[in-house]
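S.K.: Turn these sequences into a full structure, and let the hints steer you where they fit.
One-letter residues, chain by chain:
There are 2 protein chains.
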Amino acid sequence: MGGCMHSTWDHALHSRGEPRPSEAPASISAPSKMPKSVSISKQLASIKALKKGSDLEKAIATIALVFRNASDPDGKLGKATAKKLLQTQFKKFTEREETKPKYQDILSELDEHTENKLDFEDFVILLLSLAIMSDLLRNMWNENTMK
Amino acid sequence: MGGCMHSTWDHALHSRGEPRPSEAPASISAPSKMPKSVSISKQLASIKALKKGSDLEKAIATIALVFRNASDPDGKLGKATAKKLLQTQFKKFTEREETKPKYQDILSELDEHTENKLDFEDFVILLLSLAIMSDLLRNMWNENTMK
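Residue numbers (full-length UniProt numbering), protein chains in the order written: chain A, 1 to 147; chain B, 1 to 147.
Simulated from the structure, these hints should not be mistaken for laboratory data. Warning: the hint list may mix true and false statements.
It does not matter which identical chain is meant; a pair holds if it fits inside one copy or across any two.
Cut-off 30 Å, straight-line C-alpha distance, at most; resulting in silico cross-link-like pairs (DSSO-like, lysine-lysine) [claimed, not checked]:
hint: 1; residue 1: K52; residue 2: K100
hint: 2; residue 1: K100; residue 2: K83
hint: 3; residue 1: K52; residue 2: K76
hint: 4; residue 1: K52; residue 2: K42
hint: 5; residue 1: K52; residue 2: K79
hint: 6; residue 1: K91; residue 2: K42
A quick note: this is a predicted structure, and the numbers were derived from the prediction, not measured.
M.R.: Now the structure itself:
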């Protein structure tokens, strides 16, 4: 499947930056008071709406919390922080990928746009693009590695 | 931030469909022997490489396992299955969103491409686009909802 499937989804992603007064209250940009030292699992457990959430819902919420905990008060993630996150919290997906041209392309592009910070969608797409090129994901999907 | 940041990442995503013999062994398309009734947490625990994985790594792996468990032997997810997954495992992000035009756009686009199945990247972008328009994500990021 090519990019055609992504047009509306991409639109949904990219149009988020436009003003949407009814949907984006100012409070979304307020930094959470949750101390960063509180574990993600405790933060997850504190979200009433996810008490009986599925693994899938909790996984998306986890990524959102990791992003939020590391993001600036404006709700975006600095490039340096993003790279540090990749090194400290996403190493298992990247540790044997660093010599691949595609990995270097992804990281170079991150570097070149030094004027920009990452939105949540940028962050997830970054994780996704690194994950799908990883041996770890390939191995996870290969029955032989399921012990 | 607009779409400019996504060009390499999108390329990384979309070029995955091209033949890459050295990186995509035939076994990637083999269905996992892991029975679908085995819980995601048990499946996660069975992945040696993630034994000491971070919350972020486990979250991405969880999404990958949910996708894999529901996907066809060709490694792709049928549209009907994708919709069922959204209804059964992603309801907390969508349950109050269904009247929003953007939600309907996303689901309509999914419907219109009946000839296509979803790759893992399509699936994650679908989840992401639904999550970022959700009140749940907004509320998660709003300090007032952290109890």
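S.K.: Compare the structure with each hint and give your call.
M.R.: Each hint, compared with the structure:
1. For the homomeric pair K52 and K100, the shortest alpha-carbon distance between copies (24 Å) is at most 30 Å, but the shortest distance inside one copy (40 Å) is not.
2. In this homomeric assembly, K100 and K83 come within 30 Å of each other (Cα to Cα) only inside a single copy, at 17 Å, whereas the closest approach across copies is 35 Å.
3. Proximity of K52 and K76 under a CA criterion of 30 Å is satisfied in both settings, with 29 Å inside one chain copy and 28 Å between copies.
4. In this assembly of identical chains, K52 and K42 lie within 30 Å of each other by CA distance both inside one copy and across copies; the values are 14 Å within and 18 Å between.
5. Within a single copy, K52 and K79 get their C-alpha atoms only as close as 34 Å, which misses the 30 Å cut-off; across copies the closest is 25 Å, which meets it.
6. Taking identical chains as interchangeable, the C-alpha atoms of K91 and K42 lie at most 30 Å apart whether they share a chain (23 Å) or sit on different chains (22 Å).
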